[in-house]
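Undergrad: Each chain, written out:
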Amino acid sequence: MSPSEARVTHPEVAPVHVLAPATELVRAERAGVSYGDTPVLAGVDLTLRAGDFVGVVGPSGAGKTTLLRLLLGTQRPTTGTVRRAPGVRVGYVPQLETVSWNFPVTVGECVLMARSGRLLPWPSRAERADVAAVLERLGIGHLVDRHIRELSGGQQQRMFLARALLREPQMLLLDEPTSGIDVATRHDMLHLLGHLHDDGMTIVLTTHDLNGVAAHVPDLVALHGTVVRRGAPLDVMTPEVLEQTFGAPMDVLQHLGMPVVLDRHAPGRPHGA
Amino acid sequence: MLETLLEPFAYDFFVKAVVVATLAGALCGLVGVYVILRGMSYIGHGLSHAIFGGFAASSVIGVSYVLGAGIWGFASALAINRVSRSHRIGADAAIGVITTASFALGVALLTVFGNRGPSFDAALFGSILGISSTDVWTLVAVSVLTVGVVATRYRALLFATFDPEVADVSGVRVARTDALLMLVLSLAILSTLSVIGVTLVAATLVIPAVVARMLTHRFATMLWLSTAIGAVCGLVGMNLSYHLDVPSGTTIVLTGAGLFVVVLTLTGVGRLGRTQTRSGTPAVL
Numbered sequence: 001m002s003p004s005e006a007r008v009t010h011p012e013v014a015p016v017h018v019l020a021p022a023t024e025l026v027r028a029e030r031a032g033v034s035y036g037d038t039p040v041l042a043g044v045d046l047t048l049r050a051g052d053f054v055g056v057v058g059p060s061g062a063g064k065t066t067l068l069r070l071l072l073g074t075q076r077p078t079t080g081t082v083r084r085a086p087g088v089r090v091g092y093v094p095q096l097e098t099v100s101w102n103f104p105v106t107v108g109e110c111v112l113m114a115r116s117g118r119l120l121p122w123p124s125r126a127e128r129a130d131v132a133a134v135l136e137r138l139g140i141g142h143l144v145d146r147h148i149r150e151l152s153g154g155q156q157q158r159m160f161l162a163r164a165l166l167r168e169p170q171m172l173l174l175d176e177p178t179s180g181i182d183v184a185t186r187h188d189m190l191h192l193l194g195h196l197h198d199d200g201m202t203i204v205l206t207t208h209d210l211n212g213v214a215a216h217v218p219d220l221v222a223l224h225g226t227v228v229r230r231g232a233p234l235d236v237m238t239p240e241v242l243e244q245t246f247g248a249p250m251d252v253l254q255h256l257g258m259p260v261v262l263d264r265h266a267p268g269r270p271h272g273a
Numbered sequence: 274m275l276e277t278l279l280e281p282f283a284y285d286f287f288v289k290a291v292v293v294a295t296l297a298g299a300l301c302g303l304v305g306v307y308v309i310l311r312g313m314s315y316i317g318h319g320l321s322h323a324i325f326g327g328f329a330a331s332s333v334i335g336v337s338y339v340l341g342a343g344i345w346g347f348a349s350a351l352a353i354n355r356v357s358r359s360h361r362i363g364a365d366a367a368i369g370v371i372t373t374a375s376f377a378l379g380v381a382l383l384t385v386f387g388n389r390g391p392s393f394d395a396a397l398f399g400s401i402l403g404i405s406s407t408d409v410w411t412l413v414a415v416s417v418l419t420v421g422v423v424a425t426r427y428r429a430l431l432f433a434t435f436d437p438e439v440a441d442v443s444g445v446r447v448a449r450t451d452a453l454l455m456l457v458l459s460l461a462i463l464s465t466l467s468v469i470g471v472t473l474v475a476a477t478l479v480i481p482a483v484v485a486r487m488l489t490h491r492f493a494t495m496l497w498l499s500t501a502i503g504a505v506c507g508l509v510g511m512n513l514s515y516h517l518d519v520p521s522g523t524t525i526v527l528t529g530a531g532l533f534v535v536v537l538t539l540t541g542v543g544r545l546g547r548t549q550t551r552s553g554t555p556a557v558l
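Line order of the protein sequences matches chains A and B.
In terms of the numbering used here, the first sequence is residues 1 to 273.
In terms of the numbering used here, the second sequence is residues 274 to 558.
Derived from the structure by calculation, the hints contain no laboratory data.
Some hints could be false.
[Claimed, not checked] To spell it out: a stretch of chain B is covered by chain A in this simulated footprint if at least three of its residues, at any positions, have a beta carbon under 8 Å from a beta carbon of chain A; those stretches are:
# : region
1 : 331-340
2 : 416-430
3 : 485-491
[As the list claims (entries may be wrong)] Here are a few chain A residues that sit away from chain B, every Cβ distance over 12 Å (derived from the structure):
# : residue
4 : 32
5 : 123
6 : 145
7 : 218
8 : 229
[As the list claims (entries may be wrong)] Partner residues aside, some chain A positions facing chain B, computed with beta carbon under 10 Å:
#  : residue
9  : 112
10 : 117
11 : 122
12 : 147
Ideal Cβ placement from N, Cα and C applies to all residues, glycine included.
Okay, chain B solo, but in the shape it has when bound (with noise of 0.2 Å):
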């Protein structure tokens, strides 16, 4: 049994997917706190799927993904946030325009110019074999990035999250904390493709900050709780992936889907009413 469990830890490959898988489940955790509590799980969906036509176009140029996908990204966050400021299309419809007709060039560039194939199921479900050295360091720096983000801007961030109006006449620089906030985001979502896939970072970001909330009334520990959560789903959920042999992504949201289950049954279904954001909704997907 222990034999078993342990075998794939003698592959190199096997080895640098769990380490990424279980620093791509902390990031999304960290970040999904923010997400849910500002009622933006729909965004993170969104972005995933924006990324997702960057991410193809890079590919058929021949430029580095993380360049392309980033920047391409970054610029449908920004498209978002103007489109929704526009008062006459919501946000919501605005996402939804923007991050599918992304999606649908990206399908469509991938589907005419070739490079189907194992790349783009990894691109959409993750997995283990598609992980490189630069996927390592880019999901390595973003997390420190992400980190000292959190870190240094912790109370603007939870003020700004909490109560953006009474931040900004509190001194708190609103605009600047919300744009700081997306462009990680973005980030971490870019980060954690390979590995978790762009139809399921949505829900890595969103069920561990949602599992955490059910145990927490504290935002401090909320926060290291949707980590650590993140953290254990991403490395049980890597292992179940190559004794299944299913992609990534799959298991890792299965992983912390069952983790919901548990955790819902043992605190009641009351508890879910915590989850609720500003805007009355529930947060959960």
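Chain A with its partners taken away, still in its complex shape (with noise of 0.2 Å):
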């Protein structure tokens, strides 16, 4: 372990949530997951620092929330290994899909779930008036005392993204948080995680929205069933690694100087719009 690691250890001495940058946080090596006699990673070599803002794309069962485990925690790895730095405060935000929408909860319940070592059942002062700044602060503030079920998808991911914030995290990792919504949504989020990473959080998430993450998330890694490549939008959104992450052909058009997608048989039909 590196002395710069040391201290992730000790999150007491270091700032609430920021780490010293490049603090390496998880590095898997060689890593990977089969269920049963199906593989779904294999080989997989991925480090993560405190700073970086990675966006994961890859087709349905590529592995990708496979690999969000494996950085979690919450999958071992069936060969290879993955190391995780100590003591790092993780927010997860799962994916809309595997919410159980009809469990009675709203939207207060279930932000304060994240603050759940309080021997108390009712929320302090002080916890409801973190519950409000968040909410708040993402823009949902009066649905407070709505059911989950209720709110619009954006508005689901915004609810899940305050229950990880109010962890104050170092480490947030979220599963899809661009899909089940509309653009100017998408957009809203992807900026709303920008200015988090601004604020020095360590960001990881995936995506399907190609050109989303292409034009707001710096770090990309295309994934399927490893790692094919990893680096910044324009290294990554190639016709080749596309082609090798997909199956499918596209092209690649710069605009502005970033890569915008489109699928071959479709032309003029950015890919995942």
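Make the complex out of the two chains shown on their own, each in a separate frame, by following the hints.
TA: As structure tokens, this is what we get:
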């Protein structure tokens, strides 16, 4: 373990949620995961450092969620190793599809789950203020007493983001935060994550929205059972890498210095839009 | 009319029975919220049958049934957990094998070694007469423990029930929280067995929670509402049991079922969809 990592184990020494830049948070070496006889990931080499803002792209079944689970530590590698710096506070925003929407909780109750250590059932005055503040910051303060099902997709994403942020995480992982929401909300969400990154938070997200991440996320990972390529959008969004990742030919144009991906079979129609 | 209603309260045994039934109903209502939201209705049903095996074994050996059936029940819960984790056998099949075998063993033991008669029926359907002081104190102790666990682990239990994976990465010790809930569930079933009976405990776990769910979408409200509904069912059911001369478990469950129909009629069938669990299957037995 390097000297800079030692700081991670003593969060009280470090500032609240900002880790020293480039501190190694997670290192996967030749990591693989199989469910039964079915390999999902194999030979994954990936290092995550404090201050990274990474977007993971790949087709359905490429292992994006499994990769997040490896980084979180809820999934152990069946081959290789994943080393995680101890004591890092993690916030996780799950895929909306995996949530049980009939569960009887209000937005406020859901967000408060993040403070699970309290030995009394009701929130303290300070906790209530914290919840109000984080919901307000995300623009859904007025929805605190609504049932979670009554929210739109974008509001639901923000609610889970609020729950993750209430933990004041040093590392934030989001599974498909841009799916199930419209284009404008998608850009708002990516902008919001950009601001959090500017504040020093380490962020990893998975997405199907190639052009969205290309425009907002500085560091991309193309995944298809293994890491096909990692780098800046212009290095990852190339026809070769995309064809290798998605198994379909795609064209890439440049617009204002950013790559724009086109599906070759439907000219003029941006992929994933 | 009023005299007829108050008449049984002149008997000590009945006053004890009403107190126990009300408390038992409240306890099952409280624990039942977690049971239905986790889609564990079948585990409640199975566990009560498994505990019957321990009940029979301890009555044959002559040890305290609280101890015998308690150890047996918790061991069954752990066995279910273990078997269901080996992915070849699903949890439902594991519960089916372990609990029915345990129940069959209980019936066989009682048939061979005698001790049938009132205690056998009482164990199956509950009884007003069979309530001892030990039963009362066991129930009081379990209720205090359960309220303590639910109050101090409120958010951890809620988070682990709502989304175990995210809870796990958010600092909740999910495995420990789940084990604590299984312990509380086993104890709740055990301590209410004498009033409600093996075959009907599952219903007292499920019905108040389902009715409460139809009335609210707030977790905190559902928790106290389900507890209150369980208590009312226990109170009313025990009185009906005396007047109709029917086993108390039966009347407590039928009271709950009646309430369920009334609330369903008033709120509309559409609300029933709310009780669906994480796996998408209805929690109602």
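Undergrad: Hint by hint, say whether it matches the structure.
TA: Do the hints match the structure? See the list:
no.: 1; hint: 331-340; in the structure: violated (count 0)
no.: 2; hint: 416-430; in the structure: holds (count 6)
no.: 3; hint: 485-491; in the structure: holds (count 4)
no.: 4; hint: 32; in the structure: holds (19 Å)
no.: 5; hint: 123; in the structure: violated (9 Å)
no.: 6; hint: 145; in the structure: violated (8 Å)
no.: 7; hint: 218; in the structure: holds (25 Å)
no.: 8; hint: 229; in the structure: holds (28 Å)
no.: 9; hint: 112; in the structure: holds (7 Å)
no.: 10; hint: 117; in the structure: holds (7 Å)
no.: 11; hint: 122; in the structure: holds (8 Å)
no.: 12; hint: 147; in the structure: holds (4 Å)
Checked against the numbered hints given earlier, the structure breaks hints 1, 5 and 6 and satisfies all the rest.
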